[in-house]
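Going line by line, the protein sequences match chains V and C.
Numbering-wise, the first sequence is residues 1 to 88 according to the numbering used here.
Numbering-wise, the second sequence is residues 1 to 211 according to the numbering used here.
Hints listed in this document are in silico derivations from the structure and should not be mistaken for laboratory results.
Every value quoted in this text rests on a predicted model; they were computed, and no experiment measured them.
For glycine and all other residues, C-beta sits at the position ideal for the given N, C-alpha and C.
Treat each hint with caution, since some may be false.
What the hints assert, rightly or not - Calculated cross-link-like contacts (lysine-lysine; reagent style BS3-like; alpha-carbon spacing at most 25 Å):
no., chain 1, residue 1, chain 2, residue 2
1, V, K38, C, K55
2, C, K6, V, K49
3, V, K49, V, K38
What the hints assert, rightly or not - Example chain C residues on the side facing chain V (calculated, C-beta under 8 Å, incomplete):
no., residue
4, T3
5, Y4
6, S5
7, N13
8, N53
9, A56
10, I61
11, E64
12, G73
13, Q78
14, V169
15, A177
Here are the chains, one letter per residue:
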Amino acid sequence: MHNNCMEQTRNEMLMQIREYNFSIIELALYLDTHPEDKKALCLHKEYCKSLKDLEDKYQKVYGPLTIKYPCNKWRWLEEPWPWEGDAN
Amino acid sequence: MWTYSKKLEYPVNIKCPDPRLAKVIISQYGGPDGELAASLRYLSQRFGMPDQNAKAILNDIGTEELAHLEMVGSIVHQLTKGASIEEIEKAGLAPYYTDHGVDVYPQSAAGVPFTAAYIACKGDPIANLQEDLAAEQKARATYEKLIDLCRDNPDVIDPLRFLREREVVHFQRFGEALRGVQDKLANRKFYMNNDCNVKPATDNNDCGCGN
Ligand SMILES: [Fe+2]
Numbered sequence: 001m002h003n004n005c006m007e008q009t010r011n012e013m014l015m016q017i018r019e020y021n022f023s024i025i026e027l028a029l030y031l032d033t034h035p036e037d038k039k040a041l042c043l044h045k046e047y048c049k050s051l052k053d054l055e056d057k058y059q060k061v062y063g064p065l066t067i068k069y070p071c072n073k074w075r076w077l078e079e080p081w082p083w084e085g086d087a088n
Numbered sequence: 001m002w003t004y005s006k007k008l009e010y011p012v013n014i015k016c017p018d019p020r021l022a023k024v025i026i027s028q029y030g031g032p033d034g035e036l037a038a039s040l041r042y043l044s045q046r047f048g049m050p051d052q053n054a055k056a057i058l059n060d061i062g063t064e065e066l067a068h069l070e071m072v073g074s075i076v077h078q079l080t081k082g083a084s085i086e087e088i089e090k091a092g093l094a095p096y097y098t099d100h101g102v103d104v105y106p107q108s109a110a111g112v113p114f115t116a117a118y119i120a121c122k123g124d125p126i127a128n129l130q131e132d133l134a135a136e137q138k139a140r141a142t143y144e145k146l147i148d149l150c151r152d153n154p155d156v157i158d159p160l161r162f163l164r165e166r167e168v169v170h171f172q173r174f175g176e177a178l179r180g181v182q183d184k185l186a187n188r189k190f191y192m193n194n195d196c197n198v199k200p201a202t203d204n205n206d207c208g209c210g211n
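Build the full structure now, drawing on both the sequences and the hints.
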């Protein structure tokens, strides 16, 4: 039960990370051809900050999302890989 | 360079494996209009772009296509995971299984292995961006055909819809980049040949003098 609960929070957090990540990609492509758009730039800034905060929180509990996250033991191997499904 | 991020751009969670669908979806992995061709096309063409916008858009869309390659690979993997030998045979995957087992191998739906002949780097930014616009439309059309073929499996349709939608956005952005490059090339012509009677070498590069 406890595990299920953890898993659910993990998935919810990961979904939110994916959402910020996607919004940043979408805004970056838009800004590549509309670099003067102040509103888009502002949104991009906001989402970058939200993503960073959320990723920091996530990685502390569930382990690294990239190899650029320092750990006391090699936690990169602990979580399932994203192509395996369910874990996404 | 790139840093791997341990998540998919959009989730893939397929509850019912179906090797029949893997057999056709593999085309968006290593087929003529697939994600491997897309990423290599843009990441190779970016070196020759004349302005910052075009370099950036090819770099950034090329990078997103790598994430799509991973999504398509995940779909194919999950569709074949745990399939019995009977299911593989029934899906018409016996020839594939012979050479690749259930690994994810870059090939088209018809079994043609991936080839660099699917992409072009023409040494001409206008020609390259026009190719990219066509490539995005062909990828969109392929996803629509796949969505038709996967009509009974909502877990497969969901990520395919996302991927289709991205092709529409990429097409839009490439169109904007192309306009920028055309303007730049036209301007350059204008400054280089102040005499408007000098005919441009090709009709493609309007000298910008309005005649
Ligand atoms: Fe695309």
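Hint compliance check: list the failing hint numbers for this structure, sorted ascending. none
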